[in-house]
Every structure is written in structure tokens, then in C-alpha cells.
Amino acid sequence: MSNAARTNWLRELIRKPFFWGVIAIFALLALNVLKDPNYLAITVNPVNGNLVGNVIDILRASAPILMIAVGMSLVIATGGIDLSVGSVMAVSGAVAMVFMKDAGQSGSVGVALGAIGLALLVSALLGAINGVLVAYIGLQPFISTLIMMLAGRGIAKVITEGQNTSATNDPFRWIANGFVIGLPVVFLLAIAIVIVVGLVVRRSALGLMIEAIGINPKASRMAGIKPSGLLLTVYILSAVLAGVAGIMSVGTVMTVDVSRTGYQMELDAILAVVIGGTSLAGGKFSIGGAVVGALLIATLDKTIVFLGISSSATPAFKAIVIVVLCLLQSDRVRSWFVQRRKPPQLRPESLPAKPKQEVAA
Amino acid sequence: MSEALPIVEMRDISIEFPGVKALDGVDFRLFQGEVHALMGENGAGKSTLIKALTGVYKIDGGSIVVAGQERQFHGTRDAQSAGVSTVYQEVNLVTNLSIGENVMLGHEIRGAFGVNWRATHAAATEALARLGLEHLDTHKPLSTLSIAMQQLVAISRAMAIKAKVLILDEPTSSLDAAEVEGLFRVMRSLRDQGVAILFVSHFLDQIYAISDRLTILRNGRYEGEYLTRDLDRHALISKMIGKDLGALSSLGGNRRVDDRDYAAEEPLLTAKGLGRRGSIEPTDLDVHRGEVVGFAGLLGSGRTELARLLYGADRADEGEVTLHGKRVDIKSPADGLVKRIAFSTENRRDEGIIADLTVRENMILAVQAERGWARPIPRKEQDELVEKYITALNVRPSDPNRLIKNLSGGNQQKVLLGRWLATNPELLILDEPTRGIDVGAKAEIQEAVAELAESGVSVVFISSELEEVVRLSERIVVLKDHQKIGEIVNGPEITAQHVVDVIAAHGVEAAAESGIIDAEGQHDIAASHPSESSPADAHAYAATEEES
Chain C
1 MSNAARTNWL RELIRKPFFW GVIAIFALLA LNVLKDPNYL AITVNPVNGN LVGNVIDILR
61 ASAPILMIAV GMSLVIATGG IDLSVGSVMA VSGAVAMVFM KDAGQSGSVG VALGAIGLAL
121 LVSALLGAIN GVLVAYIGLQ PFISTLIMML AGRGIAKVIT EGQNTSATND PFRWIANGFV
181 IGLPVVFLLA IAIVIVVGLV VRRSALGLMI EAIGINPKAS RMAGIKPSGL LLTVYILSAV
241 LAGVAGIMSV GTVMTVDVSR TGYQMELDAI LAVVIGGTSL AGGKFSIGGA VVGALLIATL
301 DKTIVFLGIS SSATPAFKAI VIVVLCLLQS DRVRSWFVQR RKPPQLRPES LPAKPKQEVA
361 A
Chain Y
1 MSEALPIVEM RDISIEFPGV KALDGVDFRL FQGEVHALMG ENGAGKSTLI KALTGVYKID
61 GGSIVVAGQE RQFHGTRDAQ SAGVSTVYQE VNLVTNLSIG ENVMLGHEIR GAFGVNWRAT
121 HAAATEALAR LGLEHLDTHK PLSTLSIAMQ QLVAISRAMA IKAKVLILDE PTSSLDAAEV
181 EGLFRVMRSL RDQGVAILFV SHFLDQIYAI SDRLTILRNG RYEGEYLTRD LDRHALISKM
241 IGKDLGALSS LGGNRRVDDR DYAAEEPLLT AKGLGRRGSI EPTDLDVHRG EVVGFAGLLG
301 SGRTELARLL YGADRADEGE VTLHGKRVDI KSPADGLVKR IAFSTENRRD EGIIADLTVR
361 ENMILAVQAE RGWARPIPRK EQDELVEKYI TALNVRPSDP NRLIKNLSGG NQQKVLLGRW
421 LATNPELLIL DEPTRGIDVG AKAEIQEAVA ELAESGVSVV FISSELEEVV RLSERIVVLK
481 DHQKIGEIVN GPEITAQHVV DVIAAHGVEA AAESGIIDAE GQHDIAASHP SESSPADAHA
541 YAATEEES
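Those protein sequence lines, which keep their order, are chains C and Y.
Take the first sequence: its position 251, counting from 1, is numbered 251 in our numbering, and each next residue is one higher.
Take the second sequence: its position 378, counting from 1, is numbered 378 in our numbering, and each next residue is one higher.
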């Protein structure tokens, strides 16, 4: 790579919308280091060789957010939204816990797999209902998934008969708490799933088609794309990923709390996607961006706890960080900075109309 | 035309975009009481110049003098406070507000208790009356009007705020002949009232019909200012494209000689009684292999509606279609593509391009949709395919990784044509493929159509420009009022006038039958179908000068 190519590559990186997300993660970590110089220290547990440290905790905590953020980024790219992911997490967790409680056999891998399979199946079913409502019935995604968000918690309560349900199953617990090559299983699993989804989406034409219907559904239909099947697939995928997140999240404590599990996680997912630079208007999406967004949310959550910010001030602190980030990403705000540096700067007003693009021709 | 000081004088205007000099030392003058045409190919800088004048773009060099005072615009608001305000036809009009509210939006007349609606509507009526539109009910929602009428309402909005300068960028691109005449009548009356009008259109006939003076731009540079009557078409086109007309001579050339006996062959496609309630009456139609069938008719005549049924863009609710002698049911565009029918929409922006995708992605989209998402086209094949059509259709710039929205209209159209050709269609339906694009691109597209037919592809060609239909098609299906009213087998003696005669003759019969003949012709505009709305790239701007 020549020198020029390298600077170009750097410039490209800076222009990526999730660049500021990466900066924010480092800024938060730096903040924590200011409070405790040993914050970033990672030690090896001499007994089992596992890595221990705050950063490892952050990675572990980011796993469920990664799952739903990736699903959400695809849904948002189609021009929709999935508000039901938090509730689907609860349903998935409830199904798994109740299944394992009834099955007993705390050491059985088969029971764990059965619980996971059933939980994902139920999640997929809920996703399919979302998908059918959106793609075939033609309801607004916001409304369809809002219904599922409310119904989902109800369903979870019915499954657990309204009780917090615990179970013991070591293989299932291992998913959330185990370590492989010194790293938490749950994080490795999340990254593996993200990579698989990313490869499927970008190596096939799925990504292109999702973007096409997100940018211009009419023109996409005229180009021969059948949006219904595509939308159904995307909503099912989002729900299945939420199901995985649910399993990860109940596996940590081996208890499902139907009113807390996955509570308001849909908002975290949406924020992660936005931080990653995917527009809520649909169209272009970035899975890498969603990953950065999810890691940032996890870092932010841990930082709030670490800095000892009172729980009542937590939402406000979170909001401030995210507002600052969104401002940094805004083209308009950025152009102000650019303008200040280089006075005779052309500023094509961002009109609501599509300006005629004659310039480039 | 007063030879006093110009109302607008732009001197040595330069505008730079990253990597491109969009305008390079352009001069432009506009006098009161004239219609001034701004001419140039797509990408010559017409829109950029207009945006400089209306304050959308900040100029990097030069000066803008409006009514004798030098102005600096840092945005449309600046331009407004400096006395130049802008009316964007598509944005400023709110279709679900009433006509009167639209005309007076932001300038409502206020009384002691908020807005005085009675006075506001009266003022709106007055503004409309200046354009001869006093018959409109200002209380009706704007959406009840056709695009042409909405355009006139946009103009009267500019009049309501005492515009001295009216900028009309491609106002006629989605209007039919009668509507254009209505618009011209209004433009002439405004001109006679002393308004300076800047007019942009790709239709040379219209330029010669309406403009007094014209300024030509080429590649962002000033080419010259002329009195329209001093410059003939050849000279004008040569100056626009910067070379002699030789390359474009085929544009004026005649259609190919045709001595095939189509009646003896089995048609590729036959439609029997194909119709859809509210959009097209049951229609019979044959299309043969390698034949170009023109659909002629005014906007809203049913020409687009019929084409959409053939492709599956809309579902027919009666009639049947046979393809290769076999009955087929085409339920969706995806079905149409599988049956090797392709349809290029008249509504490039809303139904054609996927703006934020690249040229490559736009071009492969239909082929990819047909293969399904699980079987992506290998990158190498993509490159070959995209390269092939970029070269064949002369898409400029030829970079396949550029976003399509950054291409000019003509080049977007070529990319879309490439998208449909890539599906290797047997029947290609082109709805207004040459609308709103410059002379050079138009000739290239027409040539491509002729070549396609030569290679055995059947083409349905729809255009508002009858000359174009007559030049290209072997057979012309004439439509009016949502039904097919006749078919003309093309021959050397057939001209656009014949087609007009067929349409007009039918109109007289129909009108005589129903007893409604509208002498004014104004009614025609109001009555054409709002559902047909396809504003395409048309914008109307008005720069106004507030009297201080």
C-alpha cells in the first residue's frame, strides 16, 4: 500500500459515521482510567487461565446488545423498526427457563439444546407474526411491533405463570458464564453470529435488496424485487437474534424475570444502530456500525456503574453522551466546523426537496 | 422589451464543488418583461446557476446584482431577506391544504382575531386572477388539481408575493400539449405585466414558441446570449453541444424502412379486452417480434396505464394476455420480468432509480431480483455487464461506483435502460424514456431503440413528443380518455399531424355526443387527471423582488 493510499484509507475511516462511536468508546474508557488507573488491567486467573478485567466484563455485557442491534439494523434498513425485540428476549428466556425447570437433569446437554431450540422457535414464530403484519397485511412496522412488544411480555408472563422462574442446567449456564481460550463464551458466540449474519447479508444479494427496498420501495418493486418475502425474512431474523439475546441474558443468572428481562432493550438496539450510522429512514446500513454502537452502549452502561452515577441520573447521563455523539455525526454540524476552518466553503443547503444533481454530470 | 437596466445581472459567476467546477465565469442578464431561456445540455450548469440566483448555493466568485443592488446570498433565507424569495413548486405546495392556503402560505392576511380567512382567500383569488384562473375555488384542496394546474398555482403564489422575477425550471416536462399552451398563455400575460421570466426546457419547440432571448451554457461556461429569433435550431444545438450537428443527424433521420407483413406472423404478445377499472377501458393489442409499437395520446389518456398492465405493475381486472401463443397471468413486475417483459417508467425518480445506490447496483438490480437474493451475481459478471452497458449507452461519467443520484437525468435514464436491457427482454416498454433529457442523450436513446428492434426485441414506445413516436414506431396505437381509439400503420406519409388529427377527431365526436365542448380550452388543464401526477424533475422557482 502506498503512502497516499494509506492516508486515503485513514480519511475514509474518519468519514465513516461510526468513527465517532469508536472515539466515544475510547473516551469513556479514558474517563474510567482517570478514576482508576488500573481500569484497563486484564489479569489471568491462575486457576483456570481465564481473563479477568473490566474490559472483559464489557465484552460479556455487550453480547445480547450485539444480537439485537444487528437484527435491528436490518429491519431499520428496510425502512421499518422492530420494537418487540425486548419482549421477544423475555419470551425466549421464559420458554428456555420453564423448559429446563420442567425437564430437570441439571447436567444434560440435550436439555440445554432443547431449551435453546424451543426458545428460538417461539421467537421465530413471533418474528413471523411481525413480518406477516408488516409485509402481507400492510400494517405500519411501528404499530405491528408495538403490538408484539406489549403482547410479548404478556406471553412471557403466561408461560412463567407470572413468576420469576429459575432453573439449573450447567451447559446452558456455560453459554453465558463460561470461557473458551480465556474469553467469555457469550462474546465469542455473539461475534461468530454477527460474522455469519454479516457474511450472509453481504456475500449474497440480501443486503443489496434490503437497501433497495429501504431506499425506494416503489422502484424496487418495479425492478422485480418481491418485498414481502424479504420483509418476512428480516423480521424473523430480528426476532431469532432477539431470542439468542434472551438466552444469553437469562443464562447469566439462570433466572427469567419477565418484567425486567430485555426491558427497554429495543431502545438500546435502536440507539446502537443509529450510533453506527444507519439512518432511521431506511436504506444504507452498516453491520460494523451496529457492532460499534452495541459496544458503546455496553461500555456506557458499565461506565455509569463504575463512576457511581446515581441510578436516578443514569438515563440523563446516557442521553447526554448519545446526543453529543449524534451531533458529531450530523453532516450539518460537521459542515459548520469545516466552514470555520476554511471560510469560502460552499454549503449546498439541505433542502427537503431533492435538488437536481446536475453538478456531477 | 425594455433595454434599460437589467433586473438581474450576474457577472462572472463561479461555483466549485469538490473536484468539479460547476460554473466558471458565467454571465447572465435578465430584463423586465422578457422570457429568457437558459439553454444547455444536462450538466451544463443551468440548475446550478438558478440555485446561485435563488441563494441555494453560495457563489465562489462573481457578483449578483438584483435591481441595481449587489447582493450576497448565504442561503435561501438570505436571498429572501435581500428581496429575492424562492418558490419551489414541489416543496412549497402542500397538497392537502386548500388552493387559497397554498397561494397565501406564510403571507396570510391577519386580523384582530388571527388569520382573516375571508380576506386571505380574496387575495388568493386576486392572485389567481392575474393568471386567468379566477374560476378556481380557493377552498378546494390542492390535490384536486392536476399537476399542470398545481404548477400554475405555484406561479400565482409567486405573484401573490409580488414577484418581479419568475424562474421556471422544466415546468413543461410533465405537461401535455394543451397544458403547455395554457402555461404559455399565463407566461405571456405575466411578461406583458412586466415580470421577468427565466425559463428552462429541453423542448426546443417550446423555447422558440415562448422565449425572447436566450443564454447558452456549456460545461459550466458561458457560451453566449442571443435573441431567440436570431439563432436557428442548428446553430442553437451546435452551440449547446459544442460540435457540429453531424453526429446528431440521425436525430432528424427517418424511421427505418419496413416491409414486413406483420399480420401474417404470430404476434409475440396479444392482449384481448385487457382493462382495469378506472384506469383503462378493455383494450385489444398485438405486439410482434422486433416491432416498435408507439403509444400516442395525451397525458392521462391511458397510455401509461395500459403499459403498466402489460408489465404487471398494476393488475388487470379483466381481459387476457397471451405470450408466444400461451395464456399468461402477470401479477407483478417480478412476473413480468420472468416472462421477459421489461418496463421503464416515466417516473424516473419515484419508480426508477434507487437514488442512494451506485450505478452498478442500480444496473444489476433487475437481473439480481430475478435470480433471487440467494444467488448473487459474481463480481466479475457484474463488472462485465455494467461495463458493457456503460459503454454501449455512453453513460457519463463512466464510473460504476458513483451514486446514481449524482448523475444527470439523461445519464440516469441510460443506466435504467441498461438495467432493463441486462434482463435480456423480449418486450421492452419504454414510457417517456426521453423526457427531460438533453438533445444528445435523446438521440442516443432513440438510436438504442432502433437497434434493439433490429435485433429482434419488441418495443412499446410511449412519448409525449409525437414526432418521436412517429419517427420510431412501425405502428402507432392512439389512446384517449382511457381507451384505445385507433391504430395507425406508419408509413412515409404519416406525420405527427395525422396522430393529432385522430385524437382531435375523436374528441369532437365524443364531445358532440356528450354535448360538452369547452371553447376556452382552459378546462382541459383542470380536468386532466391528478392521479397521473408525475412531476418528474420539474421545479418552478420564482425569485421575487420586494419593493422597498
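These are calculated hints, taken from the structure and not from any lab test.
Take the hints with a grain of salt, since some may be wrong.
Below 27 Å or equal to it, Euclidean Cα-Cα: the simulated DSSO-like pairs (lysine-lysine) are [unchecked claim]:
{"no.": "1", "chain 1": "C", "residue 1": "Lys218", "chain 2": "Y", "residue 2": "Lys405"}
{"no.": "2", "chain 1": "Y", "residue 1": "Lys140", "chain 2": "C", "residue 2": "Lys226"}
{"no.": "3", "chain 1": "Y", "residue 1": "Lys380", "chain 2": "C", "residue 2": "Lys284"}
{"no.": "4", "chain 1": "Y", "residue 1": "Lys405", "chain 2": "C", "residue 2": "Lys284"}
{"no.": "5", "chain 1": "C", "residue 1": "Lys302", "chain 2": "C", "residue 2": "Lys16"}
{"no.": "6", "chain 1": "Y", "residue 1": "Lys162", "chain 2": "C", "residue 2": "Lys226"}
#### Entry: Broken hints, by number
2 and 6
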